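Based on the provided sequences and hints, a complete structural model is requested.
As given, the protein sequences belong to chains A and B, one line each in that order. Residues 1 to 332 (this note's numbering) make up the first sequence, in order. Residues 333 to 664 (this note's numbering) make up the second sequence, in order.
I should point out that these hints are in silico values taken from the structure, not numbers from a laboratory. It should be emphasised that the depicted structure is a prediction, and the values quoted were computed from it without experimental measurement. Keep in mind that a hint or two might mislead.
When the alpha-carbon atoms are kept at most 27 Å apart in a straight line, the in silico BS3-like pairs for lysine-lysine are as follows [as the list claims (entries may be wrong)]:
| no. | chain 1 | residue 1 | chain 2 | residue 2 |
| --- | --- | --- | --- | --- |
| 1 | A | K309 | B | K449 |
| 2 | A | K6 | A | K117 |
| 3 | A | K47 | B | K362 |
| 4 | A | K117 | B | K362 |
| 5 | B | K338 | A | K309 |
| 6 | B | K641 | B | K449 |
| 7 | A | K117 | B | K596 |
| 8 | B | K338 | A | K117 |
| 9 | B | K379 | A | K6 |
| 10 | B | K449 | A | K117 |
| 11 | A | K117 | B | K657 |
Number of protein chains: 2
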Amino acid sequence: MSTKRKTTIRDVAAAAGVSVTTVSDALSGKGRLPEETRRRVQSEAEKLGYRPSAIALGLRERGLGLVGLCITPAGEAILTDVGYWATIVTHASQTLLSEGLAPVLLPHNVDLLSTLKVPLDGAIVVDPLEGDPVLTFFERNRVRYITIGRDLTRDNRSWLDDDNANGLLRLLQRTVPARTNVAFVTIGPLKSYVVDALNGANQWARGSDSSIRIFHAESSDRADIGHVVSSALGQGFGAIVAQHDRLALHLLSAMTERGIEAPKDVRLISVTDSPDLESASTPISAIRQRPAQLAELTARGIIEMIRGKPDIEKTLLPLEIVIRKSAPSIVG
Amino acid sequence: MSTKRKTTIRDVAAAAGVSVTTVSDALSGKGRLPEETRRRVQSEAEKLGYRPSAIALGLRERGLGLVGLCITPAGEAILTDVGYWATIVTHASQTLLSEGLAPVLLPHNVDLLSTLKVPLDGAIVVDPLEGDPVLTFFERNRVRYITIGRDLTRDNRSWLDDDNANGLLRLLQRTVPARTNVAFVTIGPLKSYVVDALNGANQWARGSDSSIRIFHAESSDRADIGHVVSSALGQGFGAIVAQHDRLALHLLSAMTERGIEAPKDVRLISVTDSPDLESASTPISAIRQRPAQLAELTARGIIEMIRGKPDIEKTLLPLEIVIRKSAPSIVG
DNA sequence: TTGAAAGCGCTAACAG
DNA sequence: CTGTTAGCGCTTTCAA
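Structure, rendered in structure tokens:
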């Protein structure tokens with residue numbers, strides 16, 4: 001783990017009057033040398049402040065134990081805004097570190113990525129986009145990876161995700177009456193968890209004689225959100241599902257501005273949960289994701305892949321639903 | 333940036349029927365070879381999916397461009413709880429990445445650290461403790477580092493920090509009348525920003541005929557916090573300063589439980605700011621730190637050090653004060 | 001018991 | 001114009 005130049009194994013060898021082999025053995029405890037030689041070498045090494053070069057080690061052993069973590073496009077505030085991501089980074093890192101691997105924070109962005117010269121042993125990619133170039137990049141560079149969420153256009157080998165489809169299905173069953181038209185509001189590039197949530201919603205709709213209609217918000221600007229809210233509510237939807245917690249909060253405040261109340265006028269549901277949903281002026285029902293478990297499983301998966309196991313199987317983590325005031329239970 | 337074995341420069345050379353030098357030159361655009369040779373080599377390299385080994389490169393060039401980020405002891409929830417840290421990680425990473433360096437998330441913990449074999453070119457250590465073993469570790473391993481905050485027991489070469497001393501001085505001047513006894517509540521191991529804040533407080537006390545008394549909370553348990561609040565308030569303090577935002581919130585709720593109101597019964601101030609302070613039942617006055625700027629400056633500093641500049645100078649970032657209801661302005 | 005040499009993959013002198 | 005060679009720093013056969 002050294003970094004500055006100087007003091008190679010040869011320096012130590014010279015100082016101790018032995019060969020480099022002996023130094024290597026003495027320091028690693030490998031060959032059986034006389035205690036005396038070993039001590040002499042060790043003390044000499046200590047005196048010179050010798051540290052084996054991690055890079056040289058890595059060259060021999062083909063790998064330094066570095067695992068990339070691609071969270072989101074560079075330039076965006078990644079960890080600060082989205083607790084989900086911060087939790088993933090934290091827990092994935094802890095798991096990796098506890099196994100002697102080091103997490104490298106990488107941009108979810110090929111241009112920057114190709115700037116770097118990091119010898120990655122593997123990577124974890126969070127929320128890949130459709131046809132994500134980052135995944136292509138890793139494939140071309142023979143870096144094995146696992147995704148959290150998946151690239152819908154890719155025959156994705158290894159991924160894990162929260163089971164948002166089933167989660168939303170159950171949440172709708174619990175909180176939205178049959179024959180209710182539901183507006184599903186999306187924003188930003190399409191990610192797999194949104195598609196999953198939509199699938200869950202559609203499954204619910206089929207089973208309860210309802211319909212789902214998608215609205216896409218261009219941005220989270222007040223104007224765009226307001227537009228979505230107006231057009232959705234002008235058409236008699238009984239419930240609104242927001243793709244994620246921040247969007248749900250935006251929708252809530254747009255509704256409040258217009259004098260529309262949840263759940264009285266319309267039920268409001270968020271696909272992703274966050275503490276802010278709990279403390280909103282009207283607490284918002286949501287599915288509780290499990291980023292910590294997801295991250296740990298993913299990290300363990302990539303560790304296994306690095307250690308030679310074949311690709312891991314695709315896994316869906318079952319989720320809890322959290323019922324709050326914005327869409328209370330209709331059961332019992 | 334490759335990772336899996338195979339396809340070395342020699343394979344390409346063989347396939348193209350040239351020497352490794354020619355391959356190296358052809359691919360790097362160095363030597364002036366005939367276009368035709370270059371193209372042939374390139375196409376052959378492409379066909380074989382050849383990627384230069386980042387490790388081998390690193391061995392030659394003595395460095396891979398890895399910068400460690402030590403935030404806090406492993407095992408603790410690092411980024412999720414403390415927005416300050418998350419902001420630092422985000423912005424330091426962005427700056428490093430934009431310069432072709434890669435941030436490695438490291439535990440602030442020597443045992444785990446020595447497990448790893450990461451060839452670090454430099455490191456950023458956030459909030460070092462007194463006599464921090466992590467800094468010793470880096471010194472022994474010849475890894476250059478900058479700290480955010482400083483190790484009080486160490487003749488620290490390079491550090492940056494928020495100017496909490498001056499910040500708290502001004503905040504007290506604005507919000508606490510002269511001749512007020514102030515309780516300063518600390519928690520956890522002593523960090524330099526707390527010492528700085530204390531210095532600011534003492535300076536204020538000298539100038540306004542007041543006194544500062546320190547209370548140390550063992551933990552943020554309800555009981556411990558309650559104990560501190562009781563003993564501080566039993567002694568007629570007119571203001572309480574909390575070491576950080578989470579502690580301030582704990583104090584506030586302990587006060588509320590006891591029917592003590594801020595600012596009526598006692599003024600409450602936090603050294604560090606966070607959005608939660610704004611939305612607390614009684615919004616709490618604080619100093620606004622600037623983690624984003626701090627992180628960027630620090631990253632630029634370590635980049636310069638890696639590129640050969642001498643240690644950077646110690647820097648204090650001036651801060652804004654944020655006056656809220658828990659300790660309103662006494663001026664004007 | 002110890003050492004010489006090969007090799008990990010690459011680039012830069014230096015020859016040819 | 002292109003190839004040979006010498007490292008970068010280390011470990012591991014294989015000889016001595």
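Hint check results:
Taking the CA atoms of K309(A) and K449(B), the gap is near 22 Å; set against the 27 Å cutoff, the hint holds. Only pairs whose Cα atoms come within 27 Å are accepted, and K6(A) paired with K117(A) is accepted, the gap being roughly 23 Å. For the given pair, K47(A) sits about 42 Å from K362(B) by alpha-carbon distance, which is inconsistent with the 27 Å threshold. Pair hint K117(A) plus K362(B) holds up; C-alpha atoms about 19 Å apart against a cutoff of 27 Å.
Between the alpha carbons of K338(B) and K309(A) the distance comes to roughly 18 Å, so the proposed pair stays at or under 27 Å and holds. A threshold of 27 Å between alpha carbons decides the hint, and for K641(B) with K449(B) the separation of about 26 Å falls inside it, so the pair holds. Proposed proximity of K117(A) and K596(B) is contradicted: the alpha carbons are some 59 Å apart, above 27 Å. Taken as a hint, the K338(B) and K117(A) pair is honoured in the structure, with Cα atoms around 18 Å apart against an allowance of 27 Å.
For the proposed pair K379(B) and K6(A), the alpha carbon gap of about 39 Å is over 27 Å, so the pair is violated. For the proposed pair K449(B) and K117(A), the alpha carbon gap of about 17 Å is at most 27 Å, so the pair holds. For the hint linking K117(A) to K657(B), the alpha-carbon distance of about 51 Å lies beyond 27 Å, and the restraint is violated.
The structure is inconsistent with the numbered hints 3, 7, 9, 11, although it conforms to all the rest.
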